[in-house]
Amino acid sequence: MDFIDYYKLLELDKSANQADIKKAYRKLARKYHPDLNPNDKEAQLRFQQINEANEVLSDPEKRKKYDQYGKDWQHADAYEEARKQQQASGGRAYTGGGFGGGQSGYSYSGNFDDDTFSDFFEEMFGSGARAHGSGRGRHFKGQDFNAELQLKLSDVYTSHKQTLTVNGRNIRLTIPAGVENGQTIKIKGHGGPGVQGGPKGDLYITFNIINDTKFKREKENLFSNVNLDLYTALLGGEITVDSFGGKVKLKVKPETQTGTKVKLKGKGFPKYKKENQFGDLIITYDVKMPTNLNAREKELFHKLQKLRS
Amino acid sequence: MNLEDLIPTDEICAKYRVESTFVSSLYESGLIEIITVKETQYVHCDEISVFEKLRRLHYELDINLEGLEAIQHLLEQVRQLQQKNLELKNRLNLYE
Numbered sequence: 001m002d003f004i005d006y007y008k009l010l011e012l013d014k015s016a017n018q019a020d021i022k023k024a025y026r027k028l029a030r031k032y033h034p035d036l037n038p039n040d041k042e043a044q045l046r047f048q049q050i051n052e053a054n055e056v057l058s059d060p061e062k063r064k065k066y067d068q069y070g071k072d073w074q075h076a077d078a079y080e081e082a083r084k085q086q087q088a089s090g091g092r093a094y095t096g097g098g099f100g101g102g103q104s105g106y107s108y109s110g111n112f113d114d115d116t117f118s119d120f121f122e123e124m125f126g127s128g129a130r131a132h133g134s135g136r137g138r139h140f141k142g143q144d145f146n147a148e149l150q151l152k153l154s155d156v157y158t159s160h161k162q163t164l165t166v167n168g169r170n171i172r173l174t175i176p177a178g179v180e181n182g183q184t185i186k187i188k189g190h191g192g193p194g195v196q197g198g199p200k201g202d203l204y205i206t207f208n209i210i211n212d213t214k215f216k217r218e219k220e221n222l223f224s225n226v227n228l229d230l231y232t233a234l235l236g237g238e239i240t241v242d243s244f245g246g247k248v249k250l251k252v253k254p255e256t257q258t259g260t261k262v263k264l265k266g267k268g269f270p271k272y273k274k275e276n277q278f279g280d281l282i283i284t285y286d287v288k289m290p291t292n293l294n295a296r297e298k299e300l301f302h303k304l305q306k307l308r309s
Numbered sequence: 001m002n003l004e005d006l007i008p009t010d011e012i013c014a015k016y017r018v019e020s021t022f023v024s025s026l027y028e029s030g031l032i033e034i035i036t037v038k039e040t041q042y043v044h045c046d047e048i049s050v051f052e053k054l055r056r057l058h059y060e061l062d063i064n065l066e067g068l069e070a071i072q073h074l075l076e077q078v079r080q081l082q083q084k085n086l087e088l089k090n091r092l093n094l095y096e
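Which chain is which? The protein sequence lines are A and B, in order.
Residue numbers for the first sequence follow the numbering used here, beginning at 1 and rising by one.
Residue numbers for the second sequence follow the numbering used here, beginning at 1 and rising by one.
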């Protein structure tokens, strides 16, 4: 891990006393606590760093080593050991206390015991199981897992089965038709194993849906633009348009203007978890003018122009 | 309601080392639901995550009950806004 200036992180001076550290930690913890910043990964990271800084600076022994060795403070023991060996020939012995480096966790000077530490630490940093029940001998629910799944829009038009690998385990799940971009679904019992016979945690999957079609989607409604030639727009007629489920024949009213919208009921996207229910397809007509007119066509258009004026 | 899904408040207090008054205060403020079955009070296991969050905020960040109420209310607003934001982002794709 890169060196982090814990004093800077807690916005403290090197001469700060324990009360200052506690105060600074409280202030920043209130700002970046993950419970107060849902879905904010940056705040979560910052909170982790603040905890680490607090863990070191609020412990006089760790702080002393941090002040002395700076970025190498975690190897203080090794330095001390080497120094001790060097000095052994001179008859001097190092009497400093042991320091178990490497544990980066949540330390707090409030009313906490190991249980609370563990519960909080595990939940914040996602290792191990999280208590879901309570009491001695009660079972505990396993850790919840989060995953992101990228799918094409055309994939979620129908319910389909897909195999996912989460934490080395293959999970075969049914993806319901009509899931939305950014939507999170819960797969019960596919998280971490429970403790003391408790239920497994849940798996939360967030969908990232890429549109690979010419349609635009808003919830269960689809939108598309359809080009219309001048004559069909003016005189009306029948056209064939693409819908998600296939081609659809459509009557065009005479004198249809560009920008006219037509709603094709039930030709949109499937409604999420509502079997055989679909949204609408909204078509916007785009009338295309003829180009490369020949002399005869020009003459006829002039005649039409004269008729209108 | 399945009794297996209910956790006695006494056990919650023992496990989380909180006073029973804290649990009842959360109930009185409408922050958690307490179910009474045969004179024993329970919290549904689905509510434990909410309880854990409120406990953390109260004991770790020194936030009092009024603060918890305000936070819970604001977090619900944040949740709704995040949902709305997602919907609008998806809608914006229509114009891109």
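Think of the hints as simulated: they come from the structure by calculation, not from any bench.
Among these hints, one or two may not hold up.
Straight-line distance between alpha carbons at most 27 Å, and here's what the computed DSS-like set of lysine-lysine pairs gives [stated by the list, open to error]:
1) A:K219 x B:K15
2) A:K247 x A:K261
3) A:K161 x A:K214
4) B:K15 x A:K200
5) B:K89 x A:K271
6) B:K89 x A:K214
7) A:K31 x B:K84
8) A:K64 x A:K41
9) B:K89 x A:K41
10) A:K219 x A:K265
11) A:K249 x A:K216
12) A:K265 x B:K15
Taking the hints in turn, this is what the structure says about them:
{"no.": "1", "hint": "A:K219 x B:K15", "verdict": "violated, 44 Å"}
{"no.": "2", "hint": "A:K247 x A:K261", "verdict": "holds, 18 Å"}
{"no.": "3", "hint": "A:K161 x A:K214", "verdict": "holds, 25 Å"}
{"no.": "4", "hint": "B:K15 x A:K200", "verdict": "holds, 20 Å"}
{"no.": "5", "hint": "B:K89 x A:K271", "verdict": "holds, 19 Å"}
{"no.": "6", "hint": "B:K89 x A:K214", "verdict": "holds, 18 Å"}
{"no.": "7", "hint": "A:K31 x B:K84", "verdict": "holds, 24 Å"}
{"no.": "8", "hint": "A:K64 x A:K41", "verdict": "violated, 31 Å"}
{"no.": "9", "hint": "B:K89 x A:K41", "verdict": "holds, 19 Å"}
{"no.": "10", "hint": "A:K219 x A:K265", "verdict": "holds, 15 Å"}
{"no.": "11", "hint": "A:K249 x A:K216", "verdict": "holds, 20 Å"}
{"no.": "12", "hint": "A:K265 x B:K15", "verdict": "violated, 56 Å"}
The structure fails to meet hints 1, 8, 12 from the earlier list, while all remaining hints are met.
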